[in-house]
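K.L.:
Chains as they are written, first to last, in the working numbering: chain A, 1 to 499; chain W, 1 to 343.
It is worth saying that the hints were derived from the structure and are not from the lab.
For each residue, glycine too, the CB sits at the ideal point set by N, CA and C.
Where hints are given, some of them may not hold.
[To be verified] Only some residues are given here: those of chain W computed to face chain A with a beta carbon under 8 Å:
#1 Gly156
#2 Tyr205
#3 Met214
#4 Asn218
#5 Glu220
#6 Glu223
#7 Gly226
#8 Asn228
#9 Ile308
#10 Ser312
#11 Phe313
[What the hints assert, rightly or not] Over the 10 Å line for every Cβ pair with chain A, so calculated as not near, a few chain W residues:
#12 Leu112
#13 Ala116
#14 Phe134
#15 Val227
#16 Ala231
#17 Leu281
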Amino acid sequence: MTSSSAVLELANISKVFGGVEALRDVDFALAAGEIHGLIGENGAGKSTLMKIIAGVHAEYEGTMRLGGAVVRFRSARDARDAGIGMVHQELSVVPDLTVAENVFLGAQPTGRLGLVDWRRMRREADDHLRGLGIAVNPGASMGSLPLGLQQLVELSRVLFSGARTIILDEPTSALSPPEVERLFGVLERLRQAGRSIIFISHFLDDVLRIADLVTVLRNGRRVATAAAAEIDKRWVIERMIGSTHDQLEESYTGEIRLESRPDAPLVLDAKGLASGRAYRDVDLQVRAGEILGVYGFMGCGQLELARTLFGKLAADRGTIRIGGRPAHLRSTAAARRAGIAFVPESRRSMLFAHEPIYKNMSISILSRLSRLMLKPTLERRIARERVAGLHIRPPSVESPLGTLSGGNQQKVGLAKWLTFPPKVLVLSEPTRGMDVGAKSDVVRIVRGLRDQGIGILVVSTEPETVLALADRILVMKKGAITHEFASEAVSKDRLLAVA
Amino acid sequence: MTTEETGTAPTARAVGMLGWLRNQLRNIAPFLTLLFLVVFFALASSSFATLDNLSNILTQISVTAIMAVGLTFVILCAEIDLSVASVANATGIIVAFFTLQDASVNIANLPLPGAAAIGLALLSCFVIGWVTAFGITWIGIPSFIMTLAMLEIGAGISAMLVRGQIAYAVPSLVNTLGSGSLGRVPWIIIVAAATLAIGHVVLTYTRFGRYVYMVGGNREAAEYSGVNVRAIIAAVMVISAVCSGIAGMLGVAHFGSAQQDEFDNYLLDSISAVVVGGTSLFGGQGGIPNTIVGLFVLGVLNNGLDHINIDSFLKILIRGLILLAALIINVYAQRLRAARPLA
Numbered sequence: 001m002t003s004s005s006a007v008l009e010l011a012n013i014s015k016v017f018g019g020v021e022a023l024r025d026v027d028f029a030l031a032a033g034e035i036h037g038l039i040g041e042n043g044a045g046k047s048t049l050m051k052i053i054a055g056v057h058a059e060y061e062g063t064m065r066l067g068g069a070v071v072r073f074r075s076a077r078d079a080r081d082a083g084i085g086m087v088h089q090e091l092s093v094v095p096d097l098t099v100a101e102n103v104f105l106g107a108q109p110t111g112r113l114g115l116v117d118w119r120r121m122r123r124e125a126d127d128h129l130r131g132l133g134i135a136v137n138p139g140a141s142m143g144s145l146p147l148g149l150q151q152l153v154e155l156s157r158v159l160f161s162g163a164r165t166i167i168l169d170e171p172t173s174a175l176s177p178p179e180v181e182r183l184f185g186v187l188e189r190l191r192q193a194g195r196s197i198i199f200i201s202h203f204l205d206d207v208l209r210i211a212d213l214v215t216v217l218r219n220g221r222r223v224a225t226a227a228a229a230e231i232d233k234r235w236v237i238e239r240m241i242g243s244t245h246d247q248l249e250e251s252y253t254g255e256i257r258l259e260s261r262p263d264a265p266l267v268l269d270a271k272g273l274a275s276g277r278a279y280r281d282v283d284l285q286v287r288a289g290e291i292l293g294v295y296g297f298m299g300c301g302q303l304e305l306a307r308t309l310f311g312k313l314a315a316d317r318g319t320i321r322i323g324g325r326p327a328h329l330r331s332t333a334a335a336r337r338a339g340i341a342f343v344p345e346s347r348r349s350m351l352f353a354h355e356p357i358y359k360n361m362s363i364s365i366l367s368r369l370s371r372l373m374l375k376p377t378l379e380r381r382i383a384r385e386r387v388a389g390l391h392i393r394p395p396s397v398e399s400p401l402g403t404l405s406g407g408n409q410q411k412v413g414l415a416k417w418l419t420f421p422p423k424v425l426v427l428s429e430p431t432r433g434m435d436v437g438a439k440s441d442v443v444r445i446v447r448g449l450r451d452q453g454i455g456i457l458v459v460s461t462e463p464e465t466v467l468a469l470a471d472r473i474l475v476m477k478k479g480a481i482t483h484e485f486a487s488e489a490v491s492k493d494r495l496l497a498v499a
Numbered sequence: 001m002t003t004e005e006t007g008t009a010p011t012a013r014a015v016g017m018l019g020w021l022r023n024q025l026r027n028i029a030p031f032l033t034l035l036f037l038v039v040f041f042a043l044a045s046s047s048f049a050t051l052d053n054l055s056n057i058l059t060q061i062s063v064t065a066i067m068a069v070g071l072t073f074v075i076l077c078a079e080i081d082l083s084v085a086s087v088a089n090a091t092g093i094i095v096a097f098f099t100l101q102d103a104s105v106n107i108a109n110l111p112l113p114g115a116a117a118i119g120l121a122l123l124s125c126f127v128i129g130w131v132t133a134f135g136i137t138w139i140g141i142p143s144f145i146m147t148l149a150m151l152e153i154g155a156g157i158s159a160m161l162v163r164g165q166i167a168y169a170v171p172s173l174v175n176t177l178g179s180g181s182l183g184r185v186p187w188i189i190i191v192a193a194a195t196l197a198i199g200h201v202v203l204t205y206t207r208f209g210r211y212v213y214m215v216g217g218n219r220e221a222a223e224y225s226g227v228n229v230r231a232i233i234a235a236v237m238v239i240s241a242v243c244s245g246i247a248g249m250l251g252v253a254h255f256g257s258a259q260q261d262e263f264d265n266y267l268l269d270s271i272s273a274v275v276v277g278g279t280s281l282f283g284g285q286g287g288i289p290n291t292i293v294g295l296f297v298l299g300v301l302n303n304g305l306d307h308i309n310i311d312s313f314l315k316i317l318i319r320g321l322i323l324l325a326a327l328i329i330n331v332y333a334q335r336l337r338a339a340r341p342l343a
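Make the full structure from the sequences, and use the hints.
P.N.:
If you want it as structure tokens, here you go:
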């Protein structure tokens, strides 16, 4: 990474948000034909750095050079015109349009009279996709494609619009292993074609495999840059976290001994559940004091299964028994009364951002606290106990929830079910998007609940989450349960091998 | 830990002050508007700021106030009810239909004892509310369209019962509450104040009221907290219909007649009162105190414009402009809140 060969070079970049330092003196260089991995915990400054490169943040200190010339982008459009493209984790494809239309989005070729030249558009889109080694029919509707292909079409659109430097934000988070292979194949071609790629990811194995160089950020500073071939995961984690806070990550990679409890009473017993195209023939048992993990790739049905268990998504067939009694989960209210609690994967659908913490916590137990009139003093007292018990910051029950950090919001989402412990607690992606510290907090809290005798079901698309929490693991594949791990040793490799 | 607390407290407070001002925009703006209007009319007209005129204003806003209570519940849930005036009209006509009319009134009505007439009228608006609730929650019709249909159905019921005629007699209880006085205070003001008070207590101090705010604040989160969202929305639609029905019965007594289309202005007035008062059109924020301020803004405006020399056609335009300004503030206040940094 000598500065002469760099196509993009950032020097001494600093950025302050309202008195908080997001970046401090960060240097970053990207050569032609290089894939550069960018790694850091949440809040380390990855997004801020990328937003500066992509022209979203125009105010910053330091200099940015593109092809040797100093540039300062005033807008995202400036950056795009200069050949910098970005593929976000949340794709911005238009599902109702065809693949070709998505490739040409906003720049359809027109003939005379300004009409869209459909034939030419299809032909050129086909050539372009072929050139990248992406096998997809340009006439297919975007929404009918699997997520991995949609992502590749979006990547090809960014390339087609002239980008020579591409930023990929968490490109592998929702991809199955074969889809990751296909993406890496395309990136390999781009590398050979001399394009430069910044690859941001939490998935260290993926970064180390594909990247030439890896830069680690911590607390807004660049702590290391090294050739990917010369380092390993442990090296990266040490620099990312900055201390020996890595027992948790360690436990993901090593073998885990599952301790099942076959003698405890069943709290959840589901038989023959099926719902549309989402999942079928699901038999599932959770015992008191057990954490059952259900792992599967995105779209394999486990997230929908969790919704069914909380009465949000109707099952077409099958029976559910809670604590031995048949349960008819016609609504979420019925599920709550039957003794089921649910924490969804997105914070937006779990919390009331503008309401104070105590109202967020009491909403799920109001019917147990009062019949007609509210008891705000009792609500506040209960909330204070939870806030203290879970170390929620700030420790004030009056703060609007939206002012808390993501990890603390997640804790509130859990806390609202704890005052009257449910029989079954269903957690969907309980640690998604969390840094290592917040993850270990959640793991500790959930294990505490298990030890109180609650039956816990954890559904996730992240192997790490299931491995860190579960006493027993079911693997779901394309809507059906395909494998069970119980009373045996399991590792990420073995889990991925059967998924 | 102590350093952390002392360190963050001042900044938290500074952010809190700014946040408080932003949050209060929707409450402060209507209040300042009201203050401005009162001062303006008091200076412009000597007959405005009198005790008699205050009583006028209160009487004038009473019927709207009763309807606006139900609408406040509905709008707090981020729904809308366009059928309020129509349901009021239908209920007023139904209570007259079941009352013995003067021989000169050419309506084929069914005279019943007063209590039965009132009971049937209340039952009618309750049933209308349930139909609305059923359409919205079980069938899944958006409230905007569902209540538009109910507006037409209410108008149809009114038309069928009076067939272009005018009825005058209503049960004596309705007559007293609509046009009688307790001492010097008109009963209709007392009923309106009581309805507002009950609405406020229900919204602020009961479990149901909390659910209304939470459903309006984030419907999905309410559902994932095990709240029966459909039941809450059904309930607010029924409450709105019953409030409208009560307003309709008293209104008929207050106006002295029951006829087609006599509540037409009240739809816009009651929605305006709630929105001008600062209750969020997106649900979850606001309440009866806001609605009271909104009612006074509209009441003072309507009344005050009569006290100064102004083209009566211009009055309509001014009301429209005030409503537009309130809508802008409403949406702007929402955006300010949404834009608040989530640290």
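K.L.:
Which hints from the list above does the structure break, by number from lowest to highest?
P.N.:
Violated hints (numbers, rising): 1, 9, 10, 11, 15 and 16; every other hint is consistent with the structure.
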